[in-house]
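Asker: Quick note, the sequences are listed as chains U and B, same order. Letter 55 of the first sequence, counting from 1, is numbered 55 in this note's numbering, and no numbers are missing. Letter 45 of the second sequence, counting from 1, is numbered 45 in this note's numbering, and no numbers are missing.
These are computed hints drawn from the structure, not numbers from a lab. Note that the Cβ used here is the ideal one computed from N, Cα and C, for glycine as well. Careful: at least some of the hints might be erroneous.
Pairwise CB distance ranges (calculated) [unchecked claim]:
#1 U:Ala-72 <-> B:Ile-100: 13 to 21 Å
#2 B:Arg-116 <-> U:Phe-198: 56 to 64 Å
#3 B:Ala-66 <-> U:Asn-230: 42 to 50 Å
#4 B:Gly-59 <-> U:Gly-196: 24 to 32 Å
Output of the computed footprint for chain U on chain B, the stretches with three or more beta carbons under 8 Å from beta carbons of chain U [as the list claims (entries may be wrong)]:
#5 11-18
#6 24-33
#7 53-63
#8 71-84
#9 90-99
To give a feel for the contact side, a few chain B residues facing chain U, derived at Cβ under 7 Å [unchecked claim]:
#10 Glu-8
#11 Val-87
#12 Arg-102
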Amino acid sequence: MTKFASLLFIAGLAFFLMVVTGLLPLGNSPMLIGNAILDSAKEQVGAANVVTSVVLAYRGLDTLGELSILFAAASAVGLLLTKSSFNKPSKNPTNTEESDSGFVAINGIDLIFPLLLVVGMYIISHGHLTPGGGFQGGVVLAIAFAMRSIVRPRGKSIDHGVVTFIEAFAGLSFIVIGLVALYTQGHFLQPMLDQGHFGSLWSAGTIPLLYLAVGLKVGAELAGLILALNTDEVNI
Amino acid sequence: MLINISIEGLLYFGAISLSLIGLFGLLVSNNVFRMLLALVMFEAGANLILVLSGFRENGIAPIFLADYSGAIMNDPVPQALVLTAIVIGVGIQALALALILRVKKHYKSLDMRVIRSKLEHEIATQANVEPPGSHHAPKQIVRAGEHQ
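Can you make the complete structure from the sequences, with help from the hints?
Answerer: This is the structure we're talking about:
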């Protein structure tokens, strides 16, 4: 009965959404704000990637809120899985032999670990020029560090203190850049510093610095999340 | 005809279908982990709809390359919004997964009905009241896989 009612509801909702999208001018987005930003972003922000301009300049405060939500989620996961094996090797001596990941996995991860770091830093530092940026590059960095700990369940994990320090430092520098902009330019997180040569790596003022802070913060938080969730059920 | 059979129409159809499949899974499944996966699908579909709303005919990605010659660009605002939504979605999924781990640890089950009945009994014992339901109901916890 529940399934039939759900199916009926889904069918009605599908019909409604299809009709609404059918009435929309497909391929001719009616929104005006996008056009205004596309026209003025080049002069106002100086970043070649307009999405980056929107994320860090026009909606910079929103990105700060997004970082706070991610921080709250990471803190809540840490709170829920307190006795996790985050910072210490697994205490279960019976399955230490099986829990080792083997030659191929360990050496493969060791081989691609520096490459993943380079790719992550490249994506972060070119966020204002190419698709990508702090969030995407931060995920790559987090995966690189988390993989190393996952294949070595007995080995030394990432130091919790260092992760917390990176996270706090990145978050603080994001806010400090915003406050300096508020003091010198009159608006919180307003783009400042010299815009440089348009389209080169050293351009767009504070945008690459902000994205670096975002990347480090997201990387540290996601690495902590993955390691907190990577627990044996016995350890919870 | 309501929906033009164009590539955008097809993409909208796919995005709406994906989110509705996720919603349907959310409604009918009783396993909490499957509900989380359905929620992820729902979210992916919603993100696709949002990013499609900024699509323009023959539009290119909103990035000024060196050889940019005045072509139409897609709307950057929905793309930035979806970037935000994806990141927040990841945080919510991790939080939900941690909660599911705790529920599994405490109730030894992932079935919603089992969890609900155990929870009601627990609350009733704590509060020293009769558990909800009829006195004549057989004393049993709902079997997994039973239809409602």
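Asker: With a cut-off of 8 Å between beta carbons, are at least three residues of the segment 24-33 of chain B near chain U?
Answerer: holds (count 3)
Asker: Hint check: is the beta carbon of B:Glu-8 less than 7 Å from a beta carbon of chain U?
Answerer: With a closest approach of 4 Å, the B:Glu-8 hint holds.
Asker: Do the beta carbons of U:Ala-72 and B:Ile-100 sit within 13 to 21 Å of each other?
Answerer: 18 Å, holds
Asker: With a C-beta cutoff of 8 Å, work out whether three or more residues of the segment 11-18 of chain B approach chain U closely enough for the coverage to hold.
Answerer: holds (count 4)
Asker: Establish whether the coverage given for the segment 90-99 of chain B by chain U is satisfied; the threshold is a Cβ-Cβ distance below 8 Å, and no fewer than three residues must meet it.
Answerer: Answer holds; 8 residues pass the 8 Å Cβ test.
Asker: Should the hint that B:Arg-116 and U:Phe-198 are 56 to 64 Å apart at their CB atoms be regarded as holding?
Answerer: 59 Å, holds
Asker: Confirm or reject the claim that B:Ala-66 and U:Asn-230 have a C-beta distance inside 42 to 50 Å.
Answerer: At roughly 43 Å between Cβ atoms, U:Asn-230 and B:Ala-66 fall inside 42 to 50 Å, so the hint holds.
Asker: Holds or violated: B:Arg-102 as interface residue toward chain U, Cβ cutoff 7 Å?
Answerer: 6 Å, holds
Asker: Just to make sure I understand the rule, a stretch counts as covered if three or more of its residues have a C-beta closer than 8 Å to a C-beta of the chain. Does the segment 71-84 of chain B meet that for chain U?
Answerer: As far as the segment 71-84 of chain B goes, the hint holds, because 10 residues have Cβ atoms under 8 Å from chain U.
Asker: Does B:Val-87 meet its interface restraint, that is, does its C-beta lie within less than 7 Å of any C-beta in chain U?
Answerer: 5 Å, holds
Asker: Are 3 or more residues of the segment 53-63 of chain B near chain U, judged by a Cβ distance of less than 8 Å?
Answerer: Coverage by chain U holds here, the residue count being 8 at a Cβ distance below 8 Å.
Asker: Confirm or reject the claim that B:Gly-59 and U:Gly-196 have a C-beta distance inside 24 to 32 Å.
Answerer: 27 Å, holds
Hint compliance for this structure: every hint is met.
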